[in-house]
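2 protein chains.
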Amino acid sequence: MRNIVLTVSYDGTRFCGWQKQDKAAAGKPVRTVQGELEQALHRIHHEPVAAIGSGRTDAGVHAAGQAVNFFSPIDSIPVQNYIPALNSTLPHDVRVISAAEADAGFHARFSATSRTYRYFLCGGRQAYAHEMPYVWQLRHLPDIANLNAMAACLHGELDCTTFSAAGDASVSKCRYIEKAVFYPERGNIVFEIAANAFLWKMVRSIVGSLVFFDRQKKDAAFFSEVLHARDRRLAGPTAPAHGLFLWKVEFNGERRH
Amino acid sequence: MRNIVLTVSYDGTRFCGWQKQDKAAAGKPVRTVQGELEQALHRIHHEPVAAIGSGRTDAGVHAAGQAVNFFSPIDSIPVQNYIPALNSTLPHDVRVISAAEADAGFHARFSATSRTYRYFLCGGRQAYAHEMPYVWQLRHLPDIANLNAMAACLHGELDCTTFSAAGDASVSKCRYIEKAVFYPERGNIVFEIAANAFLWKMVRSIVGSLVFFDRQKKDAAFFSEVLHARDRRLAGPTAPAHGLFLWKVEFNGERRH
Numbered sequence: 001m002r003n004i005v006l007t008v009s010y011d012g013t014r015f016c017g018w019q020k021q022d023k024a025a026a027g028k029p030v031r032t033v034q035g036e037l038e039q040a041l042h043r044i045h046h047e048p049v050a051a052i053g054s055g056r057t058d059a060g061v062h063a064a065g066q067a068v069n070f071f072s073p074i075d076s077i078p079v080q081n082y083i084p085a086l087n088s089t090l091p092h093d094v095r096v097i098s099a100a101e102a103d104a105g106f107h108a109r110f111s112a113t114s115r116t117y118r119y120f121l122c123g124g125r126q127a128y129a130h131e132m133p134y135v136w137q138l139r140h141l142p143d144i145a146n147l148n149a150m151a152a153c154l155h156g157e158l159d160c161t162t163f164s165a166a167g168d169a170s171v172s173k174c175r176y177i178e179k180a181v182f183y184p185e186r187g188n189i190v191f192e193i194a195a196n197a198f199l200w201k202m203v204r205s206i207v208g209s210l211v212f213f214d215r216q217k218k219d220a221a222f223f224s225e226v227l228h229a230r231d232r233r234l235a236g237p238t239a240p241a242h243g244l245f246l247w248k249v250e251f252n253g254e255r256r257h
Numbered sequence: 001m002r003n004i005v006l007t008v009s010y011d012g013t014r015f016c017g018w019q020k021q022d023k024a025a026a027g028k029p030v031r032t033v034q035g036e037l038e039q040a041l042h043r044i045h046h047e048p049v050a051a052i053g054s055g056r057t058d059a060g061v062h063a064a065g066q067a068v069n070f071f072s073p074i075d076s077i078p079v080q081n082y083i084p085a086l087n088s089t090l091p092h093d094v095r096v097i098s099a100a101e102a103d104a105g106f107h108a109r110f111s112a113t114s115r116t117y118r119y120f121l122c123g124g125r126q127a128y129a130h131e132m133p134y135v136w137q138l139r140h141l142p143d144i145a146n147l148n149a150m151a152a153c154l155h156g157e158l159d160c161t162t163f164s165a166a167g168d169a170s171v172s173k174c175r176y177i178e179k180a181v182f183y184p185e186r187g188n189i190v191f192e193i194a195a196n197a198f199l200w201k202m203v204r205s206i207v208g209s210l211v212f213f214d215r216q217k218k219d220a221a222f223f224s225e226v227l228h229a230r231d232r233r234l235a236g237p238t239a240p241a242h243g244l245f246l247w248k249v250e251f252n253g254e255r256r257h
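Chains as they are written, first to last, in this note's numbering: chain A, 1 to 257; chain B, 1 to 257.
Quick caveat, the hints were computed from the structure, so don't treat them as lab data.
Incorrect hints may have been included.
All copies of an identical chain are treated as equivalent in the list; a pair is satisfied when it fits inside any one copy or across any two copies.
The calculated lysine to aspartate or glutamate pairs, modelled on DMTMM-like cross-linking and capped at a C-alpha distance of 25 Å, are [as the list claims (entries may be wrong)]:
id : residue 1 : residue 2
1  : K248      : E131
2  : K248      : E185
3  : K28       : D93
4  : K179      : D159
5  : K248      : E36
6  : K248      : D159
7  : K20       : E36
8  : K217      : D231
9  : K179      : D143
10 : K217      : D143
11 : K217      : E185
12 : K248      : E157
Okay, chain A solo, but in the shape it has when bound (with noise of 0.2 Å):
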């Protein structure tokens, strides 16, 4: 069997979210972007093939860069011409950007030694019609510099559980930030953040309380105490999902692909 990863991009609007989900207890179909992955790999194998994702997003986040391994049993046909079998009989709203051979012992969410998140944001200004399902609408533009200090404290082994959602079950709520920063592109705001892992739904709570805070006049001090008092009560309200997107997860460094 080889191991094979993609480079997975997803529009979220339309989607219950990356993970496949029973359809019995939903009561109808629920559409995830791991189902329609399935579909497309059983029909392009004959057989079910389980597609492993570096981590769930949730219903409306979108992807440029999920990592996704499956295991095939077709030894023929280059890696490379994954791309076009699985594009040709998915949906547009998932495309597979890349494919590449992955050692037997490859699990794209146990490998993952890093994830990336863009959260886009776009304030004094109205966004044209076409990025409104891609970013969040504020209407007052944000202090970047301030946004800039407050994100500073997000740095190193951290207790995240001020960022945490009510239903995670995570055991630690420890995560090792890389990097978290806020600049400018073509009018819009780019809040890109790096971790090992993350929280459930913990970039969006992160982007609503600095976009909160802000618009309050908190500073830095403040936003490392909200930090340091690990309560959720204290987090601002969460950010709309889609304005966030799974940019890339990097395995020891590497992109793989």
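Since the structure of chain A is already known, use the hints to place chain B on it.
Just chain B now, with coordinates in the frame of chain A:
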């Protein structure tokens, strides 16, 4: 009555084009940008208000900068306030980007002196899922130098019959083309074309022909012959609607707002 000019952006995906259509004739309600805008104008004015566009865009075609004017009986509110007032009642796939006062004689269609369209092509790579509704995905990377050599024929006063559509009712097929150029941008190829006005489906016919001829290794001399033959049967296939954006409309060399 105040004459107000808006810059309007829309995502054409779920629209049957700009122009309002007769519901009775179509048998069921048809969703159009003009229809949505006039509903929103009616809502904020409490009376019917006509929205005049700089030109019709077809089903599936987007706009970053459609120019629209309307006559408002309200003289109490600052013109900038029309932006949030309209956006709060419009669906998300239509956004008012700017608003300005215009002279009584200003007419978005008759006063427009130049229209610029951009067509987005993705070749040599797989487009991301969130780009798919806005680019024409090509199987191969076209030759930009050759496309530009051909496009250089599109300059000045030209009889554009070759790129006209079967149903075109225009008396004259002559248009003045100011600019027609391909350039790379963020992994895509953009075709920008500006003219005083365009024939129905002309931009899509030009883009489709240029890409088709480039793929067939035709050169500028060939394209020039096709152009000057004034025969629609010599044009290539029409490019899909979803790669096309009405980018901006100018009035005596100005963008008005």
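Results of checking the hints against the structure:
1. For the homomeric pair K248 and E131, the shortest alpha-carbon distances inside one copy (21 Å) and between copies (17 Å) are both at most 25 Å.
2. Taking the shortest Cα distances, K248 and E185 sit within 25 Å of each other both inside one copy (18 Å) and across copies (21 Å).
3. Within a single copy, K28 and D93 get their C-alpha atoms as close as 21 Å, which meets the 25 Å cut-off; across copies the closest is 28 Å, which misses it.
4. In the homo-oligomer, the alpha carbons of K179 and D159 lie at most 25 Å apart inside one protomer (15 Å), although the nearest pairing across protomers, at 57 Å, exceeds that limit.
5. In this homomeric assembly, K248 and E36 come within 25 Å of each other (Cα to Cα) only inside a single copy, at 20 Å, whereas the closest approach across copies is 38 Å.
6. Taking CA atoms no more than 25 Å apart as the test, K248 paired with D159 passes inside one copy only; the shortest distance there is 23 Å, against 49 Å between copies.
7. Only within a single protomer do K20 and E36 lie at most 25 Å apart by alpha-carbon distance; the minimum there is 9 Å, versus 37 Å between protomers.
8. Taking the shortest alpha-carbon separations for K217 and D231, only the intra-copy value of 21 Å comes in at or below 25 Å, while the best inter-copy value is 65 Å.
9. Taking CA atoms no more than 25 Å apart as the test, K179 paired with D143 passes inside one copy only; the shortest distance there is 19 Å, against 39 Å between copies.
10. Proximity of K217 to D143 under the C-alpha cut-off of 25 Å is restricted to the intra-copy arrangement: shortest distance 9 Å within a copy versus 52 Å between copies.
11. For the identical chains of this complex, K217 and E185 are intra-copy neighbours only, at 23 Å inside a copy versus 37 Å across copies, given an alpha-carbon limit of 25 Å.
12. For the homomeric pair K248 and E157, the shortest alpha-carbon distance inside one copy (20 Å) is at most 25 Å, but the shortest distance between copies (49 Å) is not.
Going through the hint list in order, the structure satisfies each hint without exception.
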